[in-house]
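Throw the hints in and build the complete structure from the sequences for me.
Going down the list, the sequences are from chains A and B.
Mind the numbering: the first sequence is residues 1 to 387 in my numbering, read in order.
Mind the numbering: the second sequence is residues 1001 to 1257 in my numbering, read in order.
FYI, nobody ran anything at the bench for these hints, they're computed from the structure.
It should be emphasised that the depicted structure is a prediction, and the values quoted were computed from it without experimental measurement.
Ideal Cβ positions, reconstructed from N, Cα and C, are used throughout, including at glycine.
Where hints are given, some of them may not hold.
To be clear about the criterion: a stretch of chain A counts as covered by chain B if any three or more of its residues have a C-beta under 8 Å from a C-beta of chain B, and this derived list gives those stretches [what the hints assert, rightly or not]:
hint : stretch
1    : 42 to 55
2    : 156 to 167
3    : 304 to 316
As a list, the in silico DMTMM-like pairs of lysine to aspartate or glutamate whose alpha-carbon atoms are at most 25 Å apart [claimed, not checked]:
hint : chain 1 : residue 1 : chain 2 : residue 2
4    : A       : Lys-160   : B       : Asp-1073
5    : A       : Lys-160   : A       : Asp-175
6    : B       : Lys-1182  : B       : Asp-1030
7    : A       : Lys-36    : A       : Asp-175
8    : B       : Lys-1182  : B       : Asp-1195
9    : A       : Lys-160   : A       : Asp-259
10   : B       : Lys-1182  : A       : Asp-159
11   : B       : Lys-1182  : B       : Glu-1236
12   : A       : Lys-160   : B       : Asp-1242
13   : B       : Lys-1182  : B       : Asp-1242
14   : A       : Lys-36    : A       : Glu-202
15   : A       : Lys-160   : A       : Asp-360
16   : A       : Lys-160   : A       : Asp-379
17   : B       : Lys-1182  : A       : Asp-259
18   : A       : Lys-36    : A       : Glu-181
19   : A       : Lys-160   : B       : Asp-1030
20   : B       : Lys-1182  : B       : Asp-1238
21   : B       : Lys-1182  : A       : Glu-181
22   : A       : Lys-160   : A       : Asp-285
23   : A       : Lys-160   : A       : Glu-146
24   : B       : Lys-1182  : A       : Glu-154
25   : B       : Lys-1182  : B       : Glu-1235
26   : B       : Lys-1182  : B       : Asp-1213
27   : A       : Lys-160   : B       : Asp-1238
28   : A       : Lys-36    : A       : Glu-66
29   : B       : Lys-1182  : B       : Asp-1192
30   : B       : Lys-1182  : A       : Asp-179
31   : A       : Lys-160   : B       : Glu-1235
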Amino acid sequence: MMSDSGRFGPYGGRYVPETLVAALDRLEASWGELSKDPTFRARLRAEQTSYVGRPTPLTPAPRLGEIWGARVYLKREDLCHTGAHKINNAIGQALVAVAMGARRIVAETGAGQHGVAAAAAAARVGLPCTVYMGVVDVNRQRANVERMHLLGAEVVPVDKGEGTLRASIDEALRDWVTDPEGTYYLLGSVVGPHPYPTLVAELQTVIGVEARSQIITATGGLPDAVVACVGGGSNAIGIFRGFLDDPDVSLVGVEAGGDGVIHGATLNAGRVGVLHGAMTPLLQDQQGQVLETHSIAPGLDYPGVGPEHAMLRDRGRARYVTVDDPTALAALRECAVAEGVIPALESAHAFAGARRWVEDHVGATVVVCVSGRGDKDLDIIREWSGG
Amino acid sequence: MAEGAARVTEAITAGPGLALCAYLTAGYPDPAAFREILPALAAAADVVEIGVPFTDPMADGLTIQRASQVALDYGVTLGSILTLLAETPLDAPVLLMGYYNPFLAYGLERLAESMTETGTTGLIVPDLPLEESGDLFHTLETRGLALVRLVAPTTPPARMRVLAESSRGFVYAVNATGTTGKAADFDEATLDYLDRVSSVSPIPVLAGFGIRDRSQVATLSGHVDGVVVGSALIEEIDRGGDPAAFIAGLRPEAAGQ
Ligand SMILES: Cc1ncc(COP(=O)(O)O)c(C=O)c1O
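So this is what it looks like as structure tokens:
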């Protein structure tokens, strides 16, 4: 899947200051050893079951299915400890940080879900944690900021750029470059310099492995489609990787369509460029300056995307569509009432994308990845509802 | 005239003391002022680095981040910088320093051509490590233009040698881990690191990141061939100082004047 240089086709690589090269080499070597080490694997598996709460269920969604005209199953990452798939990655990397002898952990966050997961995982392994978070996100995901504080993390608001996920990654990288030997950068998605896109994908693949065996148990066969939202792309890669070798399973990624003008639809509207250490489709202007993005879902409000998704798109293995803000919000409401599940606004994009896919595939079996729960989004929903 | 990379090396080795390389973000503090400052800076310094602004300058501290944003707000582009350089004869060789994406968006071949036409001697690209630099290195090398490599205190010895040997113009030794701007501390370990860079490098070595005053420059004498001054120069401009005089004042010879 990936060559030695960390490339997914032409995408990926490692575009970082020289100061970080040795640290990335060390991380690559450590992960190479740890991921094959039986003791480490046992420890990770134990954390996944006894701390994260894996396996997460695959929930049939018959009432939603009736409305859509399909058989719908929900992969319930919202039931993970801390409320989203982000903890799968965070706990794994926290164990890596300990094995590498790190003194502290830094992380970025958009929706705050990765920040909460990183803070929780750092607490769990006994390391101090600093989370960079854009000021816009600090304001619209307040509950998560408070959770990070309770978990003992320092939250540093970033008022640069647009004050969203991109600026928080810039700032986390600046922190890491200051102390690349003692600090572990716990990156939250399948973006960034090699080996992160691979490391994070491998830690998230548990979603797809579970989902594949669960859907076979539930239906006796494979689904027609697997649908997930794509911010950086970690929950999507996690579930897609379980089905890559099943050519009859359509893989559908859903990007943020935003307000229709400003958005986060990198795979649909981006041009290849270099940001945050990787060559990848990028929302940029003619001069190579990175463009402003917008999404109602803070976790999708990002101008880049994981390089593996770009490769899957080019090869035609996965398709990427967009869903705009109001459609995502409507999908959230629909799922809540129909199934008693409030998905995160990010995950709501996957519901809306699945609903649209089903319009052309009536009666199909679809697995939707519920990447997280919507508790964090009450402020945004209230604001959108004019109350 | 010698080719770009050779001109840079010559300019660094020509004078008696440490060479001074002045970094200034293009279009700072505003495009008209920059146009005036540039020739004076090129007269005072041995080499000039012009910063190409980028929205996400991950290796830079606050001062250069802010300068970069100011430049972007004024609409400064790589194209406008090259146009200015075509119109402005300068005493010192000029390099462009910037993140990879704007160079990539301009087109590497087209960039090398424009650099040749405007007499621009080379590039410094802080987010382009050796492993990713094949295309750009080749494009510049065939025209005699410099791709200046950066080495860092975290660079292992074998890699340091490879970087120094493939660097052109000079080797840029990053003084300390971290972003630009933070005052550097030239303790024994740092001087020892700079000595190691100098001992493996076939071309001159300039120390950069966090150089602010003449005493630091004096400390570095005998360890490197010159220094790069960026954030401190921008802050001098912010204080209303004369940037060319500030650069001239960094020379140890200036102490007695
Ligand atoms: C619930 C949830 N889903 C999805 C995402 C998007 O990230 P990724 O595309 O890496 O899964 C986030 C990011 O913050 C999130 O919190």
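For each hint, the structure was consulted:
no., hint, in the structure
1, 42 to 55, "violated (count 0)"
2, 156 to 167, "holds (count 3)"
3, 304 to 316, "violated (count 0)"
4, A:Lys-160 <-> B:Asp-1073, "14 Å, holds"
5, A:Lys-160 <-> A:Asp-175, "15 Å, holds"
6, B:Lys-1182 <-> B:Asp-1030, "24 Å, holds"
7, A:Lys-36 <-> A:Asp-175, "30 Å, violated"
8, B:Lys-1182 <-> B:Asp-1195, "21 Å, holds"
9, A:Lys-160 <-> A:Asp-259, "22 Å, holds"
10, B:Lys-1182 <-> A:Asp-159, "20 Å, holds"
11, B:Lys-1182 <-> B:Glu-1236, "15 Å, holds"
12, A:Lys-160 <-> B:Asp-1242, "29 Å, violated"
13, B:Lys-1182 <-> B:Asp-1242, "22 Å, holds"
14, A:Lys-36 <-> A:Glu-202, "12 Å, holds"
15, A:Lys-160 <-> A:Asp-360, "43 Å, violated"
16, A:Lys-160 <-> A:Asp-379, "23 Å, holds"
17, B:Lys-1182 <-> A:Asp-259, "40 Å, violated"
18, A:Lys-36 <-> A:Glu-181, "23 Å, holds"
19, A:Lys-160 <-> B:Asp-1030, "20 Å, holds"
20, B:Lys-1182 <-> B:Asp-1238, "17 Å, holds"
21, B:Lys-1182 <-> A:Glu-181, "19 Å, holds"
22, A:Lys-160 <-> A:Asp-285, "19 Å, holds"
23, A:Lys-160 <-> A:Glu-146, "22 Å, holds"
24, B:Lys-1182 <-> A:Glu-154, "22 Å, holds"
25, B:Lys-1182 <-> B:Glu-1235, "12 Å, holds"
26, B:Lys-1182 <-> B:Asp-1213, "13 Å, holds"
27, A:Lys-160 <-> B:Asp-1238, "20 Å, holds"
28, A:Lys-36 <-> A:Glu-66, "44 Å, violated"
29, B:Lys-1182 <-> B:Asp-1192, "20 Å, holds"
30, B:Lys-1182 <-> A:Asp-179, "14 Å, holds"
31, A:Lys-160 <-> B:Glu-1235, "19 Å, holds"
Going down the numbered hints, you'll see the structure goes against 1, 3, 7, 12, 15, 17 and 28, while the others check out.
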